[in-house]
Amino acid sequence: MNRFDYIRAESVADAVKAKASDSQARFIAGGTNILDLMKYDVERPTRLVDITRLPLAEIAERPDGGLRIGALVSNAKLAYDERVRQRFPLLSSAILAGASAQLRNAASTGGNLLQRTRCYYFYDTATPCNKREPGSGCPAIAGVNRIHAILGTSEHCIATHPSDMCVALAALGATVEVEGPGGARSIAFGDFHRLPGATPEVDTTLRADEIIVSVDVPAQDYGQHYTYLKLRDRLSYAFALVSVAVALKVDGGAVTEARIALGGVAHKPWRDEAAERLLVGRPAGLDAFKAVADHILAPAVGRSQNTFKIGLARKAIIRALSQAAAGTPQSQVDKRIQ
Amino acid sequence: MTTRQNLVGTAQRRVDGRAKVTGAARYAAEFAATDLLHGVVVSSAIARGKITRIDSKAAAAVPGVVKIYTHENRPRTAWLDSSYSDEVAPPGHPFRALRSAEIMFSGQPVALVVAGDFETATYAASLIEVAYAAEAPQTDLDRQRSESYVPPKKRSGIEPPPKPRGDADRAFAGAPVRVQQEYRVAVEHHNPMEPHATTVVWEGGGAITVHDKIQGVTNTHAYIQGVFGLSADKVRVLSPFVGGGFGSGLRPQYQLFLSVLAALDLERSVRVVLTRDQMFTFGHRPLAIQTVSLGAEADGRLTAILHDSVQETSRFEDYQENQVNWSGMLYRCDNTKLGYELAKLDTYTPADMRAPGAVLGLYALEAAMDELAYATGIDPVELRLRNYIDDRDQNTNKRLTSKALRDCYIQGAERFGWSRRDARPRSMTEGRELVGWGMATGVWEAMMQKTSARATLTADGRLEVATATADIGTGTYTILTQIGADALGLRMEDVTARLGDTSLPHAPLEGGSWTAASAGTAVQIACETVREAVFKLARRLDGSPLANVDLDHVTFRDGRIEVTNDPSRSVSLADAVKSSKGGKVEAEETASPSMIQQMRYVAYTHSAVFVEVKVDEELGVVRVTRVVSAVAAGKILNLKTARSQILGGIVMGIGSALHEESVLDHDFGRFMNHNLAEYHVPANADIGAIDVIFVDEPDDKASPIGVKGLGEIGIVGTGAAVANAIYHATGKRVRDLPITIDKLLDA
Ligand SMILES: Cc1cc2nc3c(=O)[nH]c(=O)nc-3n(C[C@H](O)[C@H](O)[C@H](O)COP(=O)(O)OP(=O)(O)OC[C@H]3O[C@@H](n4cnc5c(N)ncnc54)[C@H](O)[C@@H]3O)c2cc1C
Ligand code: SF4
Chain A
1 MNRFDYIRAE
11 SVADAVKAKA
21 SDSQARFIAG
31 GTNILDLMKY
41 DVERPTRLVD
51 ITRLPLAEIA
61 ERPDGGLRIG
71 ALVSNAKLAY
81 DERVRQRFPL
91 LSSAILAGAS
101 AQLRNAASTG
111 GNLLQRTRCY
121 YFYDTATPCN
131 KREPGSGCPA
141 IAGVNRIHAI
151 LGTSEHCIAT
161 HPSDMCVALA
171 ALGATVEVEG
181 PGGARSIAFG
191 DFHRLPGATP
201 EVDTTLRADE
211 IIVSVDVPAQ
221 DYGQHYTYLK
231 LRDRLSYAFA
241 LVSVAVALKV
251 DGGAVTEARI
261 ALGGVAHKPW
271 RDEAAERLLV
281 GRPAGLDAFK
291 AVADHILAPA
301 VGRSQNTFKI
311 GLARKAIIRA
321 LSQAAAGTPQ
331 SQVDKRIQ
Chain B
1 MTTRQNLVGT
11 AQRRVDGRAK
21 VTGAARYAAE
31 FAATDLLHGV
41 VVSSAIARGK
51 ITRIDSKAAA
61 AVPGVVKIYT
71 HENRPRTAWL
81 DSSYSDEVAP
91 PGHPFRALRS
101 AEIMFSGQPV
111 ALVVAGDFET
121 ATYAASLIEV
131 AYAAEAPQTD
141 LDRQRSESYV
151 PPKKRSGIEP
161 PPKPRGDADR
171 AFAGAPVRVQ
181 QEYRVAVEHH
191 NPMEPHATTV
201 VWEGGGAITV
211 HDKIQGVTNT
221 HAYIQGVFGL
231 SADKVRVLSP
241 FVGGGFGSGL
251 RPQYQLFLSV
261 LAALDLERSV
271 RVVLTRDQMF
281 TFGHRPLAIQ
291 TVSLGAEADG
301 RLTAILHDSV
311 QETSRFEDYQ
321 ENQVNWSGML
331 YRCDNTKLGY
341 ELAKLDTYTP
351 ADMRAPGAVL
361 GLYALEAAMD
371 ELAYATGIDP
381 VELRLRNYID
391 DRDQNTNKRL
401 TSKALRDCYI
411 QGAERFGWSR
421 RDARPRSMTE
431 GRELVGWGMA
441 TGVWEAMMQK
451 TSARATLTAD
461 GRLEVATATA
471 DIGTGTYTIL
481 TQIGADALGL
491 RMEDVTARLG
501 DTSLPHAPLE
511 GGSWTAASAG
521 TAVQIACETV
531 REAVFKLARR
541 LDGSPLANVD
551 LDHVTFRDGR
561 IEVTNDPSRS
571 VSLADAVKSS
581 KGGKVEAEET
591 ASPSMIQQMR
601 YVAYTHSAVF
611 VEVKVDEELG
621 VVRVTRVVSA
631 VAAGKILNLK
641 TARSQILGGI
651 VMGIGSALHE
661 ESVLDHDFGR
671 FMNHNLAEYH
681 VPANADIGAI
691 DVIFVDEPDD
701 KASPIGVKGL
711 GEIGIVGTGA
721 AVANAIYHAT
731 GKRVRDLPIT
741 IDKLLDA
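Order-wise, the sequence lines are chains A and B. Per the UniProt record's numbering, the first sequence starts with residue 1, numbered consecutively. Per the UniProt record's numbering, the second sequence starts with residue 1, numbered consecutively.
Keep in mind the hints are simulated off the structure, nothing from the lab. Where hints are given, some of them may not hold.
Using 30 Å as the maximum straight-line C-alpha spacing, the simulated BS3-like pairs for lysine-lysine come out as follows [to be verified]:
1. B:K234 - B:K450
2. B:K536 - B:K154
3. B:K732 - A:K290
4. B:K450 - B:K344
5. A:K315 - B:K450
6. B:K153 - B:K640
7. A:K290 - A:K249
8. B:K163 - B:K743
9. A:K39 - B:K50
10. B:K67 - B:K344
11. B:K153 - B:K163
12. B:K67 - B:K234
13. A:K290 - A:K77
14. B:K154 - B:K344
15. B:K57 - A:K39
16. B:K154 - B:K732
17. B:K743 - A:K335
18. B:K153 - B:K50
19. B:K344 - B:K153
20. B:K153 - B:K536
21. A:K17 - A:K77
22. B:K398 - B:K701
23. B:K701 - B:K20
24. A:K335 - A:K315
25. A:K315 - B:K581
26. B:K67 - A:K39
27. A:K315 - A:K290
28. B:K57 - A:K290
29. A:K335 - B:K701
30. A:K39 - B:K584
31. B:K344 - A:K335
32. B:K67 - B:K57
33. B:K732 - B:K743
Each pair of labels, with its calculated beta carbon distance range [to be verified]:
34. A:S21 - B:T34: 35 to 45 Å
35. B:D736 - A:S331: 42 to 52 Å
36. A:E273 - B:A689: 23 to 33 Å
37. A:Q305 - B:R145: 38 to 48 Å
38. A:Q305 - B:Q181: 17 to 27 Å
39. A:D36 - B:A423: 43 to 53 Å
Every residue, glycine too, gets a C-beta built ideally from N, C-alpha and C.
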């Protein structure tokens, strides 16, 4: 761990200024990821800008009936918010599938979006890693890659984005509201996280001098037919090997709207809108679900240890669609899979 | 004399529980010292090769850095390798930190940065640049197994496999029913909650007090004397509380060496704490590739057992544990052939980890027995009963001090509801899930080691019992308090136990499940001596109501000695002690195992573990919903702490079956998931109902107090029982633990 300055931002403008003036400055919110990365010498910021006192800790109604989730709303507060539970139960469920109660209390909404991959090599400065040290190579491709991505990978990086919450946000078509020196802008959730391509060191389209102020979820009506199904190496407190968020509208046994996003399989929450369209107008049944799964996974590529994820993802998609269609969402308390 | 056991055998709360949850119990890294310096270890990035250059200029220039130690400037320590050996070291050349430029394993300490505060030392450590000439490491046992060898020198305390019995190859070839399979369990790291740490307090005049994370202060004490040439009286080692060990704290580790080195050199107090990732840079449960071949008659009677293991060790030591010998003693069989070989890898030496050897060996044997049950169509419990033997240990031909394993099978099966099991795989379901019931046998040695203890009764009527041994969380403080209290008729709160200090009577390491039997006996006899002495004092008091009574006719109760037939005649212990010269009555005694007994008898603990799993077959998700473990371990001193030991063992066994795995990258020769987010131990959600039964097992030979020990038996067999249950549920036999989703889907 290096030495660094600590300052507390008093306003959003203040925070942006502090960051813009120093390319090696980092924001700290819950600290559950940035501090680990600093202890491992993966991040060596010159300055930590504490943003926890900014007025971004509220969940507000949007005029369209959606919600504006302040960047500093804790994962726990968000998951247990009554409005979220009633109107966006998928989001609540995905958050509760992740981490532990203690971590969810500390972790923030903005930080969750920006948490970095759990690739072993990325965390270990004794090994090369293109994401940590561009151009040094990607040992995961021929090495330990059981937890790595099967979709949207590149020859430079096969890491996954580890968040559960983001998988739900991707399915729900959220937007990320950010502010920078040039003002505010809004980034569609699907455009926020990137694929690794030739620059795996860049996780997102957020610019270095921008701050996330909120995540907005538009109004919608997926309260009945949804699920978040997470498969992992123990029944709680492990990152997803594969997870699936599904939100459906079903009318008379036929699907009228579908949202499907996958976690644990790619460098970003994976959404395939063409696959979603395949479902629309079809009876909510196994045939349609299989077709969707096959479509989503058609481009999947396995490596030495993670090929199983392709088959697992296929089954998980089908099961999650069945759960959502039946209106029996996966419980995050009872570990039996519905 | 009447011996009343009011407390021994009951469920008593941990006497140190409050101190632990309030933080009053202090661990090695928590002891303060004036002007304490902090050392931070820099770890090697490569697994094999040489350091060509260490540049520590930038680090040394950081204000607050006191000194940086590398192999280039290490102060002199003992010359001979043998000086670095320890109580449980395997044969070979013990690792010597900063000895030379040679790198023998990934994460090897290459520098120690000492500074006035932890943050400065940590920062400076990050500035040290090390250049290496790396060689390709060999860490793949599948490749190295072709160069396996029989260890030329046996490890003290570990019996090599017994000579073959009968003709196992022929018997196997001719057996009507045969099972032959290969089994393995992934490398595991102990990962106790408390990381390894040492605080060395410089006392002046060349003397040091060492707070070490160790399962036995005497081992550290001897090591420091050997390595640094200090005389015994210049070193005191303390380890009153240990935040989990599981065997990782048996041998002195490099943070001890480095902190003492720096403290003696700088004549200052120094603390070194390892990080969680550095906890993956020393001992681990080894990977072993085991083959078990069972031949049986159609009625299930075993006619041949062959069990071979090839196990990894380091380049510098031949770590050995007993993996295969169990297969020669657990079931009646006339033809056995057991083999145990090592193969060298570029990793640190493996280390004893809870029930070392038995966890691996019993997994293989008990999984194979399950396969035999299906091959013969005989119920797994019945198969074991048909091969039951309790008249002797076939490996040594000695008699067993006791063996109530049959009762474990019967009572365990009864509690579990085993008779309702449909033997056919995939036959039991609940909703969408497949239900599987599996079982396995566990066995572990019951040992006793020479241990001394002191008992001191003071004029306030309080008793202190003391021995150098450790309480690594097992409940040693509590059981010694119970034994002391019962011996003198006191309440728990009148007795204090002191442990983990070389100024106390000598004791061996806390390991092998021998502490309750050994320290318990030592405390018992020391208390008996005190009892006699205090009784004499009581009798000699002026007008003593006990004047004409002898020891056989009194009872020690409620802090008094009373005439058994006439409790109105009594003397308080306090009054008796007050009449003594020094104002206290004290005795130190040593308990040793009986040589004659050991020539004729061997002692083992046993268990029968029954497991229920529910499996979502399609998604490969396994839930362990129920475990019943029936344990025969002689006398149970404290039902509560005993149960906790079994619970912990079972949880760890479930971990080895489903979760724990240290993943090696063979290109780097490095364990990659070196943190607790990616190294999975069971979470609360992974554990269902656990029911522990202690079957009655009177034993007057295993130890004088009838105790056999419980620290390890809980884990043994549990892995096999889980794997067997998964087979019963799914019809899929995964022979490579842990059984993760990918393996179950592929099977
Ligand atoms: C052991 C463990 C297990 C976990 N398991 C899971 C799991 O199962 N599922 C899961 O989804 N997550 C899991 N997590 C991750 C956890 O959810 C994240 O660490 C957390 O959400 C990060 O939020 P934070 O506020 O603590 O971020 P911080 O650590 O404070 O920040 C993370 C990054 O975001 C930046 N940042 C923070 N806020 C803003 C902002 N408003 N604008 C711009 N940049 C910002 C910081 O500069 C930093 O780079 C786990 C974490 C741990 C340690
Ligand atoms: S997968 Fe990505 S993060 Fe992991 S080693 Fe390769 S480049 Fe680094």
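Do the hints match the structure? See the list:
no.	hint	verdict
1	B:K234 - B:K450	holds (25 Å)
2	B:K536 - B:K154	violated (50 Å)
3	B:K732 - A:K290	holds (25 Å)
4	B:K450 - B:K344	violated (34 Å)
5	A:K315 - B:K450	violated (59 Å)
6	B:K153 - B:K640	violated (41 Å)
7	A:K290 - A:K249	holds (18 Å)
8	B:K163 - B:K743	violated (36 Å)
9	A:K39 - B:K50	holds (27 Å)
10	B:K67 - B:K344	violated (36 Å)
11	B:K153 - B:K163	holds (17 Å)
12	B:K67 - B:K234	holds (24 Å)
13	A:K290 - A:K77	violated (36 Å)
14	B:K154 - B:K344	holds (16 Å)
15	B:K57 - A:K39	holds (22 Å)
16	B:K154 - B:K732	violated (38 Å)
17	B:K743 - A:K335	holds (20 Å)
18	B:K153 - B:K50	holds (28 Å)
19	B:K344 - B:K153	holds (15 Å)
20	B:K153 - B:K536	violated (53 Å)
21	A:K17 - A:K77	holds (29 Å)
22	B:K398 - B:K701	holds (13 Å)
23	B:K701 - B:K20	violated (35 Å)
24	A:K335 - A:K315	holds (17 Å)
25	A:K315 - B:K581	violated (81 Å)
26	B:K67 - A:K39	holds (22 Å)
27	A:K315 - A:K290	holds (9 Å)
28	B:K57 - A:K290	violated (62 Å)
29	A:K335 - B:K701	violated (47 Å)
30	A:K39 - B:K584	violated (53 Å)
31	B:K344 - A:K335	violated (42 Å)
32	B:K67 - B:K57	holds (11 Å)
33	B:K732 - B:K743	holds (10 Å)
34	A:S21 - B:T34: 35 to 45 Å	holds (42 Å)
35	B:D736 - A:S331: 42 to 52 Å	violated (31 Å)
36	A:E273 - B:A689: 23 to 33 Å	violated (45 Å)
37	A:Q305 - B:R145: 38 to 48 Å	violated (21 Å)
38	A:Q305 - B:Q181: 17 to 27 Å	holds (23 Å)
39	A:D36 - B:A423: 43 to 53 Å	holds (49 Å)
In summary, the structure is inconsistent with hints 2, 4, 5, 6, 8, 10, 13, 16, 20, 23, 25, 28, 29, 30, 31, 35, 36 and 37 from the numbered list given earlier, while agreeing with the others.
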